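Visitor: Sequence:
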Amino acid sequence: MQFRTIISPHQLNSRWGRRVYWLVLAAVIVLFTLAFVFPLYWMITGAMKTPEEIAEMPPSLFPSHPTTDAFAEAWDLFDIGTLLANTVYYALGAWLFSMAVDVTAAYALSKLRPMFGNVILGAMLATLMIPPMVILIPLYVTIVDLGLLNNPWGLWFPAAANGFNIFLLKRFFDSIPRELIEAAQIDGAGPVRVLWSVVLPVSRPILGVVSIFTIVTAFKDFVLPLLVMTDSDKMTISVGLSQTAGAVTQNHVMGGLVIAGIPMIIVFFVFQRHIMAGLTAGSIKG
1 MQFRTIISPH QLNSRWGRRV YWLVLAAVIV LFTLAFVFPL YWMITGAMKT PEEIAEMPPS
61 LFPSHPTTDA FAEAWDLFDI GTLLANTVYY ALGAWLFSMA VDVTAAYALS KLRPMFGNVI
121 LGAMLATLMI PPMVILIPLY VTIVDLGLLN NPWGLWFPAA ANGFNIFLLK RFFDSIPREL
181 IEAAQIDGAG PVRVLWSVVL PVSRPILGVV SIFTIVTAFK DFVLPLLVMT DSDKMTISVG
241 LSQTAGAVTQ NHVMGGLVIA GIPMIIVFFV FQRHIMAGLT AGSIKG
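According to UniProt numbering, the sequence shown holds residues 1 to 286 in order.
These are calculated hints, taken from the structure and not from any lab test. Fair warning: this is a prediction, and the values are worked out from it, not measured in the lab. Some hints could be false.
[As the list claims (entries may be wrong)] Calculated pairs, DMTMM-like style, for lysine to aspartate or glutamate (alpha carbon to alpha carbon, straight line, at most 25 Å):
(1) Lys111 / Asp174
(2) Lys234 / Asp145
(3) Lys234 / Glu52
(4) Lys111 / Glu179
(5) Lys220 / Asp231
(6) Lys220 / Asp233
(7) Lys220 / Asp79
(8) Lys111 / Asp231
(9) Lys234 / Glu73
(10) Lys111 / Glu182
(11) Lys220 / Asp76
(12) Lys234 / Asp79
(13) Lys220 / Glu73
Just need the whole structure built from these sequences, with the hints factored in.
Guide: Right under this line is the structure:
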């Protein structure tokens, strides 16, 4: 079956067709790269400028006298060490609860086949269609009623169940051969032992992806920590920077933002291959 396109295959394979194709492709890649990288560049160079240079109109793309003093000063002004420690603590707790709930839920839906399992999965996926701001008020009221303000549990409980993570895990668990499960059951393994000894060891790629998504989401969350963690010594990095931004200069704010973004940038570059491998793993059954 032959498909009609704007440019015919003959024109595309010609000398000028190939040149135009690669020119358009390079232009699109460069434009999209600039669109994503330029805010990061502006933040870094802004931290290297003086407050007066930042306020200049029109703004300059390069600092006239670049300096890194704003980074060290921002670390002390914002107390970034404490804020980062709080954020890492909350993110690791959210990861532990999310893995415990999401993995067991996906395993039950995929391998244990409960009654109305498809209905339950559909209800979980339906929650993804609800804007987070819609459920923010009832969620906050629930946290207040449980007495979890300024308590890490107020952040860990909402992060425990995630419909998207459960869907990803279930898709991967579905691709695990049924013969492995049956062989373990013949040897006398129960559902928990099958999960621990068979399913989890072969699910490392998707477990890595879900772990990264969960940690990054918890690390960059702003609204819920703003409402739950009101004590200054318990704030996350995003909330702490926003609360102090009005009392410092713009270059210090930029320096604090750069420092706050470094951990997640490192995580992305270190685990980007694992992210792509985990997203594609289990998509095709062999």
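Visitor: Does Glu52 sit within 25 Å of Lys234, going by the straight-line distance between their CA atoms?
Guide: Given that 25 Å is the threshold and the Cα spacing comes to 33 Å, the pair is violated.
Visitor: Decide if the proposed pair is consistent with the structure: Lys234 and Asp79, CA atoms, cutoff 25 Å inclusive.
Guide: Holds. Lys234 to Asp79 sits at ~12 Å (cutoff 25 Å).
Visitor: Does the alpha-carbon distance linking Lys111 and Asp174 stay inside the 25 Å limit?
Guide: holds (7 Å)
Visitor: Given the hinted pair Lys234 and Glu73, is their Cα-Cα distance within 25 Å?
Guide: Holds. Lys234 to Glu73 sits at ~21 Å (cutoff 25 Å).
Visitor: Going straight from one Cα to the other, do Lys220 and Asp79 come out at no more than 25 Å?
Guide: Cα-Cα ~18 Å, so holds.
Visitor: Holds or violated: Lys220 with Glu73, Cα cutoff 25 Å?
Guide: Since the Cα atoms of Lys220 and Glu73 sit roughly 23 Å apart, the hinted pair holds (cutoff 25 Å).
Visitor: CA of Lys111 to CA of Asp231, is that 25 Å or under?
Guide: Not satisfied, since the Cα-Cα distance of roughly 44 Å exceeds 25 Å.
Visitor: Please verify whether Lys220 and Asp231 have alpha carbons no more than 25 Å apart.
Guide: With a Cα-Cα distance of about 18 Å, the restraint between Lys220 and Asp231 holds, given a limit of 25 Å.
Visitor: With the threshold set at 25 Å, check whether the alpha-carbon distance from Lys234 to Asp145 stays at or below it.
Guide: Since the Cα atoms of Lys234 and Asp145 sit roughly 20 Å apart, the hinted pair holds (cutoff 25 Å).
Visitor: So if I understand the rule, the pair passes when the alpha-carbon distance is 25 Å or less; does Lys111 with Glu182 pass?
Guide: holds (11 Å)
Visitor: Compare the distance between the alpha carbons of Lys111 and Glu179 with 25 Å, and conclude whether the hinted pair is satisfied.
Guide: holds (12 Å)
Visitor: Does Asp76 lie within 25 Å of Lys220 when you go C-alpha to C-alpha?
Guide: Holds, at about 21 Å.
Consistency with the previously given hints fails for numbers 3, 8, ordered from lowest to highest.
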